[in-house]
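Keeping their order, the protein sequence lines are chains Z and L. Residue numbers for the first sequence follow our numbering, so the first one is -16 and each next one is one higher. Residue numbers for the second sequence follow our numbering, so the first one is -16 and each next one is one higher.
Just so you know, not all the hints are guaranteed correct.
Since the list gives no way to pick one copy over another, a pair counts as held whenever it fits inside one copy or between any two copies.
[Claimed, not checked] With a Cα cut of at most 20 Å, we get these calculated SDA-like pairs of lysine to any residue:
id : residue 1 : residue 2
1  : K8        : G90
2  : K(-12)    : P23
3  : K(-12)    : G97
4  : K(-12)    : G88
5  : K(-12)    : G74
6  : K(-12)    : R28
What the hints contain is simulated information worked out from the structure, not anything from laboratory work.
Residue-level listing of the chains:
2 protein chains.
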Amino acid sequence: MSNLKTAVERYFAAWNAQDAEALRKAVAEAWTEDGTYTDPMADVRGHDQLAATIAAVHEQFPGFEFRMTGEVDGHHHTARFTWDLVSTADGSSPAAGFDVITLAGDGRIASVLGFLDRVPGA
Amino acid sequence: MSNLKTAVERYFAAWNAQDAEALRKAVAEAWTEDGTYTDPMADVRGHDQLAATIAAVHEQFPGFEFRMTGEVDGHHHTARFTWDLVSTADGSSPAAGFDVITLAGDGRIASVLGFLDRVPGA
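So that you can see chain Z by itself, here it is in the shape it has in the complex (with noise of 0.2 Å):
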């Protein structure tokens, strides 16, 4: 399990990385060169269409930040954990949501395959 919530925390790094620098290293860090991101708005690979989709939903959710919420709940080399985003000022939450990650041999991300189970305005 160890690998895996290794793992998970390099994922909630990736998508709270402060600025382009951070986050294009924070995305290394996380995911494989090939490494895949699939959620209902998004299915793309590798390192710069990784990191070009979090700083889009960034330039969409200015001052929140992507939080666990309950644990992680892993095997093999796969585990699911859930997330909210979560206003920095006053702790507001427009989403929250549901990821599958698998694990390359490296220990990096190699695939995540991401749902919505609350999305703004619903």
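Here the structure of chain Z is known, so what remains is to put chain L in place on it, guided by the hints.
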């Protein structure tokens, strides 16, 4: 979504196949030749291993079937859904779980990542 729903139907047909020949056929319809299934107890690849894994569960739970609960939540080439393992005799359900599938280009399942939400004795 229709290809995802069809894939999920074929997946449950495999889990609920009534004999070895029906199971072999249902597995081949549901998964690609090198398709995978990973849950806390199993991490297998290919039709032979998939059929053996399902047959072992049938031996452990005779007279039970897998029933989807809720709806298929899918996008791109992936979907999530939940299931109960239900006794066809008395409707009792000793186990429940959650799966995420990915599809190959031919509409068959490339991978299943499975997690347990309720287990016997818990």
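How the hints compare with the structure:
{"no.": "1", "hint": "K8 x G90", "verdict": "within (16 Å within a copy, 36 Å between copies)"}
{"no.": "2", "hint": "K(-12) x P23", "verdict": "between (24 Å within a copy, 16 Å between copies)"}
{"no.": "3", "hint": "K(-12) x G97", "verdict": "both (17 Å within a copy, 18 Å between copies)"}
{"no.": "4", "hint": "K(-12) x G88", "verdict": "within (15 Å within a copy, 31 Å between copies)"}
{"no.": "5", "hint": "K(-12) x G74", "verdict": "neither (25 Å within a copy, 37 Å between copies)"}
{"no.": "6", "hint": "K(-12) x R28", "verdict": "neither (22 Å within a copy, 25 Å between copies)"}
Checked against the numbered hints given earlier, this structure breaks hints 5 and 6; the rest are met.
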